[in-house]
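A.B. asks: Since the structure of chain A is already known, use the hints to place chain B on it.
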Amino acid sequence: MRQWCWYFIVTVAAAQPVEERARRILDANCASCHGAAKMGGLDLRTRESALAKGSIVPGKAAESRLIAAVERQGTLRMPPGKNGLERADVATLRNWIDAGAKWTAASNAEPNWWSFKKLKRPPGASIDEFVDGKLREKGLAPNGMADRRTLIRRAYLDLHGLPPAPAEIAAFVEDASPDAWPKLIDKLLASPRYGERWGRHWLDVVRYADTGGFETDIYFPNAWRYRDYVIKAFNEDKPFERFVREQIAGDELYPDDLDLDGGFKVAPSKLANLDARIATGLYTIGPVYHEAALFGGQVRYEWLTDAADTTGEAFLGLTFGCARCHNHKFDPITQRDYHSMMAIFAGSEEREIPVIPQFNIFGFKSGYPNWLRVEELKTAIQKIDSAARQRVVNKVRALFPAAVLEAHAVAVEKRTPAQRELAARLEKAFTEAGLEENAQGKDADIPLTPEESKRRNELIVELGKAALKANPVMQTATVLGHAATVPSIHITHRGDWRSKGEQVPPAFPAALQAKPIDEIANAKLARRAALANWLTEPDHPLAARVYVNRIWHWHFGRGIVATPNDFGRQGEEPTHPELLDWLASDFLANGGSTKRLHKVILLSAAYRRASTHSAANARVDAGNLFLWRANRLRMDAETLRDSVLTASGALNTKMGGRPVVPVLGREEYITMWARNQWPEAMDPAEHDRRSVYLYVKRSFPLPMLTTFDAPDTSVSCARREATTVAPQALTLMNGDFMVRQSGRFAERLRAEEPGNPRAQIVRAWQIALGRAPREPEIEKALAAPSLEKLCLVLLNMNEFLYVD
Amino acid sequence: MHTFNRRQFLEKSALGFGGLAASTLMAQPKNKGKSVIFLFMHGGPSHLDTFDPKPLLKKLHGQPVPPSFGKADFQFTKVDKVPIMASPLEFKPRGQSGVPISSLFENLSRHADDLAVIRSCHHDGFTHVTGQNWMNTGWARVGRPSVGSWVVYGLGSESDNLPAYVVMLDGGIKAGAPAYGSGFLPASFQGTVLRTEGPPILNVNRPEGVSEKMQRETFDLLRFYNERHHSERAEDTELEARMNSYELAFKMQMAVPEVADLTKETTATRELYGLNDPLTSEFGSQCLMARRLVERGVRFVQLYSGGKKGSEVGWDAHNECDQNHTFMASKVDKPIAGLLADLKSRGLLDNTVLLWGGDFGRTPFTDGAEGGGGSRNGRDHNPYGFSVWMAGGGIKGGKIIGATDDIGLRATEDKVTMHDLHATLLGLLGVDHKKLTFQFQGRDFRLTDVGGDNNLTARLTAG
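From first to last, the protein sequence lines stand for chains A and B.
Residue numbering for the first sequence follows the working numbering, beginning at 760 and increasing consecutively.
Residue numbering for the second sequence follows the working numbering, beginning at 1201 and increasing consecutively.
Excised from the complex, chain B in its bound form:
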């Protein structure tokens, strides 16, 4: 019987793929993170209506943008043609720490003391695809490996019967499969999509009349022939990835139905995630599944809220931002709060890093192309300053990092690039982002390219 465990995996990684060795990566072994749950709000949530209150907007509401805030390119909006729009939502200081969170997230607010809100994120991708690529791969264009792929490449899998990197989509995403693809890393590091309707993975059950023993023999026979074939093509990591995908598939036949069976959870747990309410049950099921996955050693789980489904727009609030965000937040607030509470009560929060964010933030003025607009209370995409939050993985919460200018247009203080954010994520997992490299086309590539100097790991984990 062939098995393929984490140690062998790392050995193979070390031998086969660009000189990676686990021991050299563990520069910060005191950090506790083992798994990541990345909550992606597809379409781009407004920082100004969620985590970055701007009182000045109330004063300037309806007025033109003061020229002192400068110009910037937006997808649709010319800055000097549109009025400032204040958030109609109420912000309150939350928890002991007093981190302000808007009324969109009343449930999440109860965990304010666990959150580190980073208000100074920025990149330059003002369309969805570039924004999603920046956030997911640290690069605007298609082709770089996604964060999850880098993490799995660096740390391997703790589970030998589930994919190390799982993605759950809410419809589809604008950036498509490359957003969870492995880019130039070997194909085995790409994300596996779990379906959110019907069986999570098709054909996970053995055909009728085939015993487990017979199935094992069949898989072993295949491995025998594939190994012979591969021995003459040893450099081809795709062939190897495909062989390994069969080992994983074999074990998934047992593990996937088990992990996907949410009925095993208690009523209290199911209610904690909002499974009893049609509004929250969809995202709630995904959050609960995420916990079950990390509990079983899955390294990286990414969940999407607001994918493209028919004519739905997700968080992309070009019109009636308030209504849009109220609806979208009502679907995720309780499930995310439930996830935090559940991870904590099970002692999993310390080694699970949560990251919440989206394509970008949104503009402090109304959305509008040349010649008008702005009448429909929407906000345009804003990559120049936006918020994300992180929790778990040893983070001492109740923190705010960085700031945007007084209207929330641009990050100004303690600016955090996507490379910085990714360096921090890796840091929380105990990985030195400068050492996690892969040689491709004659150059050592990093998730963080040549950036990541504003690595927040130490500050987030400090008391």
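Same shape as in the complex, but just chain A:
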């Protein structure tokens, strides 16, 4: 808040130190003449040369010739031309000189941005030491600890994304042992529900989806294997280093011939490597613009940009997508850096590999004739259909004069306007005769003779039987592998894939001052391995800081750096920089164990505080940046849906596998392009599975989840919004899903407390809110329109949706 007096410079630039702004002004306005060209003998490229001629007198703007020139007071008026500098820029230069004209070394000498400096462990022993220090500094008195009931609900919803069962709450509240809290944390971290919740967080970061998006929205048959890999990685507490290395270069670093030996059993060591390969599926689930495949080069270019963007955001915490087109205005990430990152991925491409042992591959091939039988039956049915179709065509054609038929016979692009008009009449008649399939996927409607009809029905039955025996697809995983040739990467003109500028080698962003990687330029099959190795160096400036900050963000609702995907100059600076470094160093020193990190955080007083308000604290820190209280957080979309299913008793905890296509509300189908692209799960129990397993279709995100701010899957999402708008209320009060679940919740209560409305109410409160209702609440509940409506109300309450 340094510069409020000049509104016109309180812009993006205001967040940058005055030195940087001043030097940008010099670069932009003066350097073309007073740089290498040294016009008038003045060179403004270094401090010495700028001071040499008295152009700049540190501490004394009034005496600096530069200021006289840009203020256009005397005969020397710079820069030349009518307009001169903006007043704001002149003020910046003045301030900078008056403050001593600080001129730190150029950015390529030593990184001068905090997040680009190597990670070093600051002294300190606990989170609270850092947090409390800041609180004291700001004069903030932290809240006391939350009560047990609040804590267990907070912990369950945080670590599992599900509310605790009443018995769990009771046990924890009554547990008098001093280690009740650490025991609870351990128990929660050991449950597979943990990986489902925290895997979902990571899936936001890697823009997970089951389809490619855009109009045709191609299906990724194996995306789920990557999703399951992520869930498993969290559940098994895969060390951070390994987690990063597998996703970026699992195939390069953990080579495996995938000769899954052992007959019916696969050796566990082999499966570890298969996992490492599936991890690279991260790079096979980005948005795919189907039509781009008309130009092979464009598909590859789009894929490389997605790889560079996703890697930059997910692992480096740098939003450098802008550098695709031009040099980043505020970060020292250049177009060259960006294309060098693309070059790391050049020569890598998608592969489908079998995930079954050789024995079963042979088994699949031995059964292949079953599939041929299916194909034969399909052909026979199609033959009947096409004969019937031809009859209709002939009948329609017979209604038209020769001129129409002749016009129609002319190739579309060669028809004269008159012929177009004539041909259109025939085409219209074809459509009216029901020969066309419509956009909703409804089949053409063609009449058959009784014999045809009989034969066709027989064939359909045969087809069904044959299909039951046939297995058209071998189980595969979609992973990264290497192309036979490695294309060279050139800087493109404004992101246009057709243009070809200077060729660039694979390299890491120059500003981060990594060792050059020329050894891998030759070893073309290890470029991603080099990237993974660099990212997992113990003092890497960004990787661990970025990861640890994400974990913090997901626990507290706000990161130590509030912009988890942007540790650059457009992002926010850390509220607790030493804490961040301490956490990151401690994390790496302890084997990169995410579960340990959770525990360190949950054991802190900072995490356990009550969420109650304090007017005095709020005057200083309304946004709770310094953690004097716990943030009251609204459940995210998936947690909400899963918690509703938990309350209704319907949650199906089956893990993994193909994405579940859920049923939608009637209105929700209206905007769907093709109904046949939504093959709903036939088993109703599947519809009750956790949200992380639901189908993520890029062109049709699930309305209920979108309404509650589920992320857009086109790019990495570091931070979800939590909006509050009336359509959410309508979804929760009127939506088909909610009506159904509140009905099941009521059924459950009637089954658990038969014939006792008061007991049903008590039970309902304990299930949904984790506490017993108070007398006035019970009174009111007894007068509810119905138990179903009462259940619906419970699932709509702020107390249900918000976590204190």
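Calculated from the structure, these hints are not laboratory results.
You can take every hint at face value.
Below, in silico cross-link-like pairs of lysine-lysine (DSSO-like), each with a Cα-Cα straight-line distance of 27 Å or less:
1. A:1213 <-> A:1154
2. A:1259 <-> B:1281
3. B:1271 <-> A:812
4. B:1451 <-> A:1548
5. B:1271 <-> A:861
6. B:1258 <-> B:1278
7. B:1464 <-> B:1234
C.D. replies: Only chain B this time, still in chain A's reference frame:
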């Protein structure tokens, strides 16, 4: 039965949120504006091909930019590497006032005497997100409340059954939800998105078999429990916003289907907005909906033309600017003209402020990054000088405010920052932009920050 009317709303605002009181805001009560319709051309329309003719460009066409116009940062273009590109479009003086408008807007031109064209707008956001943030929130970075949120915060809602602030998107917008978000203002002031395909809001119909009475009882029961819960957390405006969103939702069950039913309009009206032509029907429906919304007391409506849909680029004419703008304008010209005509004939124009603009303007030279380009007749983003227009809300039209330099690169005369523009918008609604404040992080924030001194309200409304 609980109701939540405007008076209570303002009381709550006054008591709960930073000392705002309606009476102190009404510094210019003579101004008539009550509602705003903000027509946002996503991608950035070229001022040089629409409202700011530059004859000099014809003379300089194909030549380098004369150095006297100075340098500037652009997203892709280096000023000294690209040629000047004149507009191929014809400008004519329009109406009695003779305000020049290009051939892109033949229909709108018939309302030239209602428009105040501001040619000297500028900010410094040369990417879409920063440009959209500037225009929508008066700040380049994410996190400030949007104009609509400030307006609703200041004036409350005239409707108790529709959201006070409605946004209709054409696909999506680059700046995302924060462009209509409430920033640090309470969550209840954020924009509500009406879907433009299918039902405008999902689940607006009561479940089968639930009577209105039963529904009311259910909502009341919920309010009872939420109030108890809130009483121990009184400072939390988000909880309160969520409670109020249910009251609104209840009433929207009746009001939304009614307002969205465009079949209730006469054939003549539907044709006025271009609903009978597939080219104009999409934006036309949104414009007609906008009128129906403000007619029913909705305070702030924002419509987007040219959001991100598949590979479409909206108004972002980096290539073939002429073709792009001809197509984009053909989709909106008739609907916007229809909206003006319709508001006027219903006597609504006087209390509805229309604002037309986009992310920024475009460059007078061709678009091109280092090393060439410029062959595809496109224009780059230009935040340093661009045009918007306003109409209604008591504006005496047929005016031109400010000017850019002779090639339209920079605003030079009577410069208008986004703070000035926002101060003017508030002024037309009778709100003093300096008094509309919200305390956050120990400081009183304004939509117009510490700017807004070039408030055009008096000049726009003067005869």
